[in-house]
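For reference, the chains in residue letters:
Protein chains: 2
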Amino acid sequence: MSAADSQVSTPPEVYDNLKWNGWGEQGIQMQLDEEHEFWVRHVDGKPIKNLLDFLYNEVSGGQGPKELPPLSPSIPLEKAIAKLNKPNTNDAFMKDLSAALEKSQIRPDGKSRLLHIVGKNYRDLWRVRRGMVEYAPDCILLPNNHRDCVTIMQLAQKHNVVVIPFGGGTNVTGGIEADPFERARMIVSVDMRRMSRMLSIDRESHVATFEAGVLGPALDDQLFRYGFMLGHDPDSYKYSTLGGWIAARGSGAMSNQYGDIEDMVISMKVVTPTGVIETPMTSRVCGVDLNGLVIGSEGAFGIVTEATIKIEEIPEEKLYEGYLFPSFEAGFSAFYTCNTKGIRPCTMRLYDADDFHMSMAMSTSSHGFLEKLISKGVKAFLENYRGWNMRNMCLVIIGFEGTRQRVRFQRAEAAAVLKKFGGVGVGRSAGDSWQEKKYDLPYIRDFALSLSHWADVLETSVLYSQAVPCWRAVKEAVRQVWKEHGHHGWIGCHTAHQYKYGCCLYFTFACAQKDDQDMKIFLEIKKRATEAMLRHTGNLTHHHGIGYEHVPWMTRFMGAGAMDVLFNLKKSIDPKNICNPGKLLPSAPRAGESAEALKARQQKELMFDKMGVPGAVMSHL
Amino acid sequence: MSAADSQVSTPPEVYDNLKWNGWGEQGIQMQLDEEHEFWVRHVDGKPIKNLLDFLYNEVSGGQGPKELPPLSPSIPLEKAIAKLNKPNTNDAFMKDLSAALEKSQIRPDGKSRLLHIVGKNYRDLWRVRRGMVEYAPDCILLPNNHRDCVTIMQLAQKHNVVVIPFGGGTNVTGGIEADPFERARMIVSVDMRRMSRMLSIDRESHVATFEAGVLGPALDDQLFRYGFMLGHDPDSYKYSTLGGWIAARGSGAMSNQYGDIEDMVISMKVVTPTGVIETPMTSRVCGVDLNGLVIGSEGAFGIVTEATIKIEEIPEEKLYEGYLFPSFEAGFSAFYTCNTKGIRPCTMRLYDADDFHMSMAMSTSSHGFLEKLISKGVKAFLENYRGWNMRNMCLVIIGFEGTRQRVRFQRAEAAAVLKKFGGVGVGRSAGDSWQEKKYDLPYIRDFALSLSHWADVLETSVLYSQAVPCWRAVKEAVRQVWKEHGHHGWIGCHTAHQYKYGCCLYFTFACAQKDDQDMKIFLEIKKRATEAMLRHTGNLTHHHGIGYEHVPWMTRFMGAGAMDVLFNLKKSIDPKNICNPGKLLPSAPRAGESAEALKARQQKELMFDKMGVPGAVMSHL
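Protein chains in written order, with UniProt numbering: chain P, 1 to 621; chain B, 1 to 621.
It is worth saying that the hints were derived from the structure and are not from the lab.
Keep in mind that a hint or two might mislead.
Given that identical chains are not distinguished, each listed pair holds provided it fits within a single copy or across any two copies.
[Said to hold, decoys possible] BS3-like, lysine-lysine: derived pairs with alpha carbons at most 30 Å apart: (1) K238 with K341; (2) K86 with K520; (3) K420 with K520; (4) K95 with K379; (5) K318 with K341; (6) K158 with K19; (7) K95 with K475; (8) K111 with K79.
Chain P with its partners taken away, still in its complex shape (with noise of 0.2 Å):
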């Protein structure tokens, strides 16, 4: 492999600039409009004319008079650093550490503690704004090279430090959340920032290798240089890194066509309490693959240092475009033939006439295409021509990708099948609408949670023979429960990253706060849609992780016997269970344990239910 100019990407600045209690940078925020009432700024300050619209009839159904929801403002910075918990300071890890690291590298300050104290869900941000910091790392650690990981994780062993890798703080499951019920030993938070270097490049045979730390947009940076890109591309793109994307088995939108992670990571260096684990080098796994057992894991097992990842040639084109579907059946049926024929887009992606509503809600006024779509000429053809009931209309998206000749072609192929299912093509102005909008769900989240609304997300992987009763009965379960309680909210779902036999369903869903039970309906809707996706051959993520949120169906998902390996494999790399702690697998057996107290006491010490409930982690302790 040809040595790389051994170039530093110097950390950038956005880290000094992140928000503690929000998605991205400071600044960087949707903002009601001062001119006109019911308006809305985009973070670019573009006009948003319909999303409070949106909030108003379809999340709270138009219920109540029609006027601004009340602000819910954050806790002030200084506020929420005086609530933080003591630091529960190891001395001698600390003495240890202070003599192998530099100054600037060990952070123990508030500020640096709440920054890395939950990831970016709505459960996460609604404990931080309102100054639910009892949990945080009692130290913050920036290690510059793969030898200041080992030194870490030596020292952490040595003095039984409990060790949480931090990529971009994006994780939507709780995975980088300090374990409470890990108080009595001291919990650092590695955050692998300024390991973001690429420290080979093998330009002939498509791979380089990269430090873990590198953000979304270095990375790709990096490899532009050389005519390359890596071709992942997630929603927090921005924001996460590629030791992130591994540990969380991540996905980008373009996945059809460039892979899932785990398609990407040929070999990696991981630090655990025990050694160091460097996968082979290789174009074919031969004998067994550890890479799928550190891929996902969470840093269940140590951190990812390094990772030698394919990387792709720039695409000669790039075209992105929409049709509408009379029906998410009817745009499901186009996808699936699709993928019968061997056709794959570099992505297809398919929202329902709930999702499409809310995309046309964010839409700003500057572009209108989806203004445009629903303009009344064309809302008589689909409605008198076509016969649609355009309350069930669904969007499209699709992107091809590659040579201007497989380009061609491919649209070609892929337009034969999506109209011959009553697709109508709406042209490039959709496709470059949805590149132009794809990372700003967060911002509407933060935006909604300002504004005394909730809102997360759920995603599976099903088969296809259950994908559309998946997709039904998870809208039914989630609707049920807000039903049940007097609520009254949205949900709507997009359909991406189609495999050979099945593909992933995203729910988005929000609900006007009212009360606090907001967070106990929350936990019960999750629990809820996890039932009915795991009826419909769903998994319990297709590319969000387990974190701590998903791990009470890790044993029923995993099966016993499967649970019994990893429990042993988890033992053996890390004897004192340092690392990260209460993610990935539920509490391991103890040696004489029967399986009924082992039970009480994965239950009692399970995360996820307890987060957020005021009083839950304190009872349980």
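Place chain B on chain P using the hints.
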């Protein structure tokens, strides 16, 4: 998942007819032509005119008088049975077993033992044909279903009996051979032939669940009824099983389109000494992936009893054709460029000049396209107008499967690249010829063995940047060994299985048998070739598996950290080391054993450099 007709696929008669000392079934073999001197009759009876010339000229370097090589027949079956080691019977185990299984499922007879003694590589057949049959398994068991496998494993664990899973017996890396260093314990071979049913099929999702003992043709026959196929087409297809493909991490000729075995398997049932692992059924793995630990594990963790696999609709069109190239490098550049542009035909195979010579020598006169290819007219055109050096001429076989439209498009885009790099299309007859002959190599090997020649194969996966250097280095290394011993041999290579960052190199080599040094020279070749591969980013095997043949390099290839993980995993799943010991991994460290002592013991117990060398095992026992 819809229940399938619980149709039993009767174990094919083929089993009763398998050769104990060669490839395939009794009566199917190449033989000398009785009417024409130096002609050979192919398995289908067609004449092959050039094979003996090839042996004389290319393999032996045209030395000595041109005459029929001496015959080297196998000893007869009865003699071999008489030479078998006395079985080491664990009476308590056999008693428990007899209570649990039917009599027909327990086969301690000599013929059964002989049929399960080794796989089908050169060393394997060289040994059994000479009566080196002193390490046969002690008894053969035939489970009827998953339940039986659980019973067998539980009893083996209880009574400390070694278990070797046995599929079709076509392994070529020693994976199904009894470990002579385990002779203190009884060793059973668990033949999966009766477990060949399709248990369920979900046509909509394109998945089906099979028992792991199903042979390639029986698997596809059961799928064909529903309009599906698997798309897995290894050279061993007719005689190898789903479980065997999984155990050896197999790959078929059309892997570019349908995937390697790890891309086909969705979930598995694995019977281990400590319980049953059922990996989850999902359209994308969530959390960590245990499939990757089972695939390629060669029975070291247990018996794979059932697997759910993705299935493919039978393609509308299949088109295979040939190209000639002026050199291996030119053909390789064409393949590489196809990969860069995202052009991935179902199969792309480039045979170097030496391999091409062998192809021509294998040609039966009936289709004779190869003879036409080298006709005077074509030769003159390529030499005079294209300026080719005919000695370097290579053959490309390229295949397309899918919708008519896709095949047409892919063919056109591939053709443009191939022609740009100097390829000259030679039409579909080349493709037909390849299809017709693709399973033939083992028959030629057997024929060579019967005429005092030996032949074997080596394969690896390399990164693209090292593929051509690796191709050159391995051929040089192998020739150097012959040179040092004053022998002459032939080695050819083809490349296939294109990944985004690398590909497979597959070497075939042969030599005349001289004396008792042959096996030592063979071992030296294998070692030097492996070293050359490892120097050039090659791995230990592309699809033949680790068996015991590649164990000597496992620690170096995987690294100490990964080996620790595997040793611990093995110990936790198989604490008594009853599952196919000696394969996949070297001997595990013992408590308190020093690194030096471990290394010495591992060295002593490695089977690869001892099996086949008379007395080598005895001297180490």
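Exercise. Run the structure past the numbered hints and jot down the numbers of the failing ones, going up.
Key: 3, 4, 6 and 7
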